[in-house]
Amino acid sequence: MIQVSPRDKIFIAIKPVDFRIGLDSAILLSKDLRQNHSPVLFLYLLTKKSSIKILAYDGQGMWLMQKRLSEGKFTWWPSSESELAIIDPKNFIILLFNGDTKTLTAQKNWRNV
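Taking the working numbering, the leading residue of the sequence shown gets 111, the next gets one more, and so forth.
Incorrect hints may appear among the rest.
Unchecked claim - Taking lysine to any residue and the SDA-like style, the derived pairs with C-alpha atoms no more than 20 angstroms apart in a straight line are:
hint, residue 1, residue 2
1, LYS158, GLY171
2, LYS125, GLY209
3, LYS158, PRO199
4, LYS212, PHE121
5, LYS159, LEU174
6, LYS212, GLN176
Calculated directly from the structure, the hints in this document are not laboratory data.
Please work from the sequences and hints to get the whole structure.
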């Protein structure tokens with residue numbers, strides 16, 4: 111079970127990654143973004159686009175998780191000029207279920223005035 115709070119940072123790599131580079135190399139890709147030992151998630155789309163890997167930092171160490179689709183490919187993945195993008199927890203959950211955030215609507219996050 112993945113628990114994500116609204117304050118957690120979720121970074122997503124725009125270009126697909128070949129994970130034959132190994133876990134240590136993937137950790138190095140995300141090393142500069144870990145600040146203040148706060149929880150953070152890094153999402154990587156694998157080259158075949160049928161699975162994603164999630165690298166989670168919990169303040170003490172790294173976790174590696176993988177979501178592989180039974181059939182098909184992930185239909186939505188953000189596009190950007192930069193190598194990384196930030197997504198919010200709502201879009202993260204939609205992505206895990208292979209949804210498209212452009213076609214789904216949800217209530218905006220409530221903010222204290």
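Hint-by-hint comparison with the structure:
no.: 1; hint: LYS158 with GLY171; in the structure: 28 angstroms, violated
no.: 2; hint: LYS125 with GLY209; in the structure: 19 angstroms, holds
no.: 3; hint: LYS158 with PRO199; in the structure: 24 angstroms, violated
no.: 4; hint: LYS212 with PHE121; in the structure: 18 angstroms, holds
no.: 5; hint: LYS159 with LEU174; in the structure: 17 angstroms, holds
no.: 6; hint: LYS212 with GLN176; in the structure: 24 angstroms, violated
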